[in-house]
Structure formats: C-alpha cells, structure tokens
Amino acid sequence: MIESFPSSDAQLPSAVELSDVNKSYGTFHVLHDVSLTVGQGERVVICGPSGSGKSTLIRCINRLETHQSGRIIVNSVELSDDSSKIDHVRRDVGMVFQHFNLFPHLTVLQNCTLAQRWVRKRPQSEAVDIAMAYLERVRIPEKAHRYPGELSGGQQQRVAIARALCMTPGIMLFDEPTSALDPEMVKEVLDTMVGLAEDGMTMICVTHEMGFARQVASEVVFMDDGRIIEKGAPDTLFGSPSHERTKRFLRNLLH
Amino acid sequence: MFDFNLFLSALFGWPLAKGAMLTMVLSVLVMGVSLMLGMAFGSAAGSKNKLLRFFIGAYVWLFRGAPALLILLFVWNGLPQISPIFRAGWFTPFFAAFLALTLIQIAYLSEILRSAFNAVGKGQKEGAAALGLHNWQTFLLITLPQALRIAMPALVNEFISLLKATSLATVISLKELMTITQFAIATSFRFLEWYGAALVYYMAMVSVMTILQSRIERALSKGHR
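For the record, the sequence lines run as chains A and B. In this text, residue positions in the first sequence follow our numbering: the first is 1, and each later residue adds one. In this text, residue positions in the second sequence follow our numbering: the first is 1, and each later residue adds one.
Chain B on its own, in the form it takes in the complex:
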C-alpha cells in the first residue's frame, strides 16, 4: 500500500527538488522572454504596416496551430539536421526546451496583449499626445500599465499552463520534475508515492503563482476600485 515514509523522502529528497527548480527556472525564463517579445508582437499587430501585420498573423497561426510536443521534437531533433551549429555542446535539452516553449508562448501572449492594448481607450493616447508625450513614453507610462491590469488574469493562466507544459520536455530528456519522477518510478515501481510527491510540487508552485497574481492585480488596480 501507500508507503508514507517513501513519499516523504521523495518529497524532501534532492532529485525532485532539483527537478522542480529546473521546471520553475525554465518557466520563468520562457515567460520573461516571451512577455517582452509578446508585447512587441502584440503592439505591432495593431500597426499600420500591412506586411508587419501579416508576419505577426502568420507567426501566431503557425505556433498556435502546431502541437507543443511536435515543436519540441522539431527543435531538438530537427534543427541539428538543418545545421551543425545545433550539434554543438551549447545546444542542450534545456536550451532546446527554452527555445521551443518560447516560440509557442510568444504566439499566445501576443494575442492576449494585443486585445489588452486595444482595450485601453483611444482617448488615453490622445490625452498623452496632447500633453506632448512621445509614443514610447505613452506606451510605457500610459498604455502598458493599464493593459497589464486587463491582461493579468490571462497572463497568469498562461504561466500556469506553461509550468505544466514544461513536463513535455521529458521527451527530449530534460531533467525536469516529471522526468525525474519517471526515472524514480522506473527503478522503484512505487507509483503513488512519486506521483504524489510530484503533484505536491506542482500544486505548491501554482499556489505561489495564484497568491502572486492577487498581489499584482491589487497593485495594478489602483484607481479602478
């Protein structure tokens, strides 16, 4: 039956803790980079330049359409076939997973941010322009803070999805939380204890995010209560 001591030693042992740390670091890196690029894509999606809009549309179509698993495998196995650059030592499973997940995440975030930027009224930009603020000042000081408030629940949703999607990188042998869990099970055949311990880690990370979300939302909602 359920071996509680094994569960505890799995939970507080190094292997799972390291796996969880890697999952967290990968998720934070992917989210950080794709948030920056998603903002650029999301605001470019509203640009007057047709070619730019077409490029963004095609990008979103591709990376939202292709399954994450396929993109992971394409990056990890396909890119080295294209060029020897990707056979060098720096092209690790971690980097491949980072690249694949970032490509996908940008597509989703740019859609969320595009709608959030649109939701900030035109009057805000005009008010800022009439005061003599430049476009980039208006974006950073006026549009962005208001758009982030609107987008925050959806962004945290995406982060939580991403945190769990990193487990797909087990197929390219990245030693994240789920890979470690499967390794441990392969040698011990103790399913419940290891799955249980992994579940606790995921739930803990998601809980932290949920708490952070309400903090951030409170900070951004000043003036909107």
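Here chain A stands alone, though its shape is the one from the complex:
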C-alpha cells in the first residue's frame, strides 16, 4: 500500500476552525467568543434552544452571515471580505436548509445541474451523470424530471442533499434539516444523512434528533445565549451533562 498522506491524522489541517467568533445584530449579541474545531471526517451535532445562535454559527461557516471578530478557517482558508476566499470556501462547503430552498421553477435534475454548470463549469452531460448518480444515492432518481412543488417534504429535502453533494463538497452543513418535515418523513432524511456519515463526510449538523446524534456524532455541542456551554461525546453529553442549563434543555426535549 502506498502512503500518500502523512500517517498521523493530527497533521491534517482541521476542516473547520472557529476561534473567538463574535457576532451581533445591533445590540443583540448572537455569538459570544465561540471556538470550535472540526477535524476532517468528524461529525459534529450542535443543539440548543431556539435563539441560542446555533444556526447563525453554521451560517457563518459559508459566510451566509458575516462575523464581526474572531477567525473562521475552512480547509486552511480564512474567511474575510475577500470574495475569492468566499468563493473558495463555498465551493468546498455544501449546505442543507430547514426549508430546502430548492428552486421551484427548475426541475429536480436542473436543480442539481445548475451550479455544476455555472460554478464548476462542468459540461452538461457530465453534470447530468453526476446529478443522476447522487439522485440514485438519495433514492429518488425517478423524480428527476419533476418540479420540487410536486414532491413531498422528505423527498424535497433528499433532493436538496443531492443538489449539495453534486458539488462534491468536502464539508456538509445541515441547518435543522428535519425540523420542517412531517414526522413520518424525518426518517428517510436521517437515513440519508447516516449514510453520508458512514462514508466519512465531514458534517456539522444543527438538529434536535438525539437518536441521530447518538448514532453518528463524534461530538455534540450544546449552545445557549450565543455561547458554547459544553461539548463532548454524545453518550457523555446526553448521559451525564455537567451544566444545569444542558440538563434542563435535555429534560425538556425528552418530555
């Protein structure tokens, strides 16, 4: 076997590194000195009450939100106002939204090929092949020529995952991907995400799906009031949380 990488994982740069990130909307301080390191292939689940800043945090990673101080480094590129850096990071980071954000005027297939054509500059036939491969992977190839409005919520979210994967990102962000779904559709989306995790995708997930967190997370982060209160392995954080705030949140979640 040929060793093409340094043998120790520790030498690989982190996928995402946030240090002392602060953000506020006017006088409302949304993120307070947030620091978080996500290694290559790690799967981090972020949970916390609504308004705790968890969505804002992951939206800072692909610069849908700008941070005011601190550093955010994604695959060795530090985010700043420099648009070429933003382009670079967005090319490497896929995102799945709570409300899917599929383009309603384009078919499922067009949703998956558009950015491949315009951002990756892939020829149409290659883009279609890649799109079909990922639609197979999320088990929805038969809907390729339908419009998003003709699909169920769970199907739309799986298309949204396929659309992001078509860009072959190294990191995937999930912003409450199952919160807008009917209960019976949550499983199909979570199964898709578990599959991704098993393939070694670096994932950062804002979700309250504890079962999913236990199954795939390498680390769970609990946030409140714009701060990271505690983080740890899922069994530790869910089983014996050290902070009162975390205990209260978990109690409310379970009942």
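Because the hints were derived from the structure by calculation, they are not lab data. For glycine and all other residues, C-beta sits at the position ideal for the given N, C-alpha and C. Errors might be hidden in some of the hints.
Output of the computed footprint for chain B on chain A, the stretches with three or more beta carbons under 8 Å from beta carbons of chain B [unchecked claim]: (1) 105-111; (2) 114-122; (3) 147-155.
Pair by pair, the computed Cβ-Cβ distance ranges are [stated by the list, open to error]: (4) B/P67 <-> A/T27: 42 to 50 Å; (5) B/R218 <-> A/T236: 55 to 63 Å; (6) A/D129 <-> B/W90: 54 to 62 Å; (7) A/D129 <-> B/P67: 57 to 65 Å; (8) B/A66 <-> A/P49: 50 to 58 Å; (9) B/L79 <-> A/Q68: 44 to 52 Å; (10) A/Q40 <-> B/Y59: 51 to 59 Å; (11) B/A66 <-> A/D87: 53 to 61 Å; (12) A/D235 <-> B/R218: 53 to 61 Å; (13) A/S84 <-> B/L140: 32 to 40 Å.
Since the structure of chain A is provided, determine the placement of chain B on it from the hints.
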C-alpha cells in the same frame, strides 16, 4: 348614417395601418427599454446604499406624479429651450415621445419589479449563494425568472396602458394611430367610421397582447401548477 364601405376602406387603408404600426413600434421600444432599466431600478431600490435608494425614490416620485401629457410637452417643447442640441434634426416627435414615455414607464415598472423581486424568498438567494453562484448568476438564473412570473399580469397591464397612452403623443404631432384618425376626420367629418376603425386596431393589438400574456404565463409557471 354609418357608411360601412368607408369604414372598411378606413380599416384596410394604408394611413391607419401605418399609424397603428407606429403605435406598436413605439410601445414595444418604450416597454423594452423601460423593462431593462426598470429591472435595474427595481433591484437597486432594495440596495443597502441609502443615496441610491433616495435617488430611485425621488425618480419614481417625480415621474409617477407628473401627468404624462405634461412630460410629453416638457420634453418636446421644453428641452429645445434648454439646449440647441434638441433643436437638431434627430429630435423628432417619435424620439421625444419615446423619451417621455420611457421616463414615465421606468417609474411604474421599477415599482412592480421591486415588489416582485421582494416576493422571491430570501431562501432562494441563500440556496444559490451556498452553491457558490455569484450575485449576478443568482439574479439572472434564480430571482429574475421567478419575479417575472409574479409580475407578468401587472407588466402586461402596464404595456396595454402604454399602448393607449401613446395616443397622447398626438399633441406633439406624432403620426400615430389617433393622430391619423383625427386628420382623416378633419377632412371628411365622418366620425363613426374612423373612430370605429381606430377602435378595431386598438382592440386587435390588445387582444394579441392578452393571448401572448397567457402563453408567457404558462411558460413561466412551470413547477407552480
């Protein structure tokens, strides 16, 4: 009484056909140019730049507020008083009418398009940005097609209003459909036949637009049925 033969010869005669053609060409030109500039104004109205927003607001306030007749007369009679440039041969009634109506039309279209752009959810832009699309790509590929679908009935309304508003240019002696009609009446004193023939032309043009509207709406509403 009503002279049916005169009506037919008015309807199929050259003068009215030419007048109608001029009306149509003027309307299409004004609509085309003001649609482009209306898009620019409409999207700039949502910009973060306060000065730009103020400028757009002032523009809309002025050209939506002033009567079309006044602007036509101002452009045709007033501009030559400002500068000799506007006394040259190229400054024809057609050009003056085009300029005046375009100035007005931009104001109305930019308001319609501003609301249509706003109606396309923020999530669409975020979805596109997350995929790495640039702002102009997002605008052309994602926002614009959806905004046009929303705005289409209002845009066709505006086009139909414009088509009829071109008749105001009769005051600056542009030989459009209504001017020709009035000329013909002045020499023949046959009101019913000429008004009737002019009405047929307007109704025909508006009908074509109505049919086009439903075609375009069908094309743009893919995925929304």
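Task: Hints breached by this structure - done: The structure breaks hints 11, 13; every other hint is satisfied.
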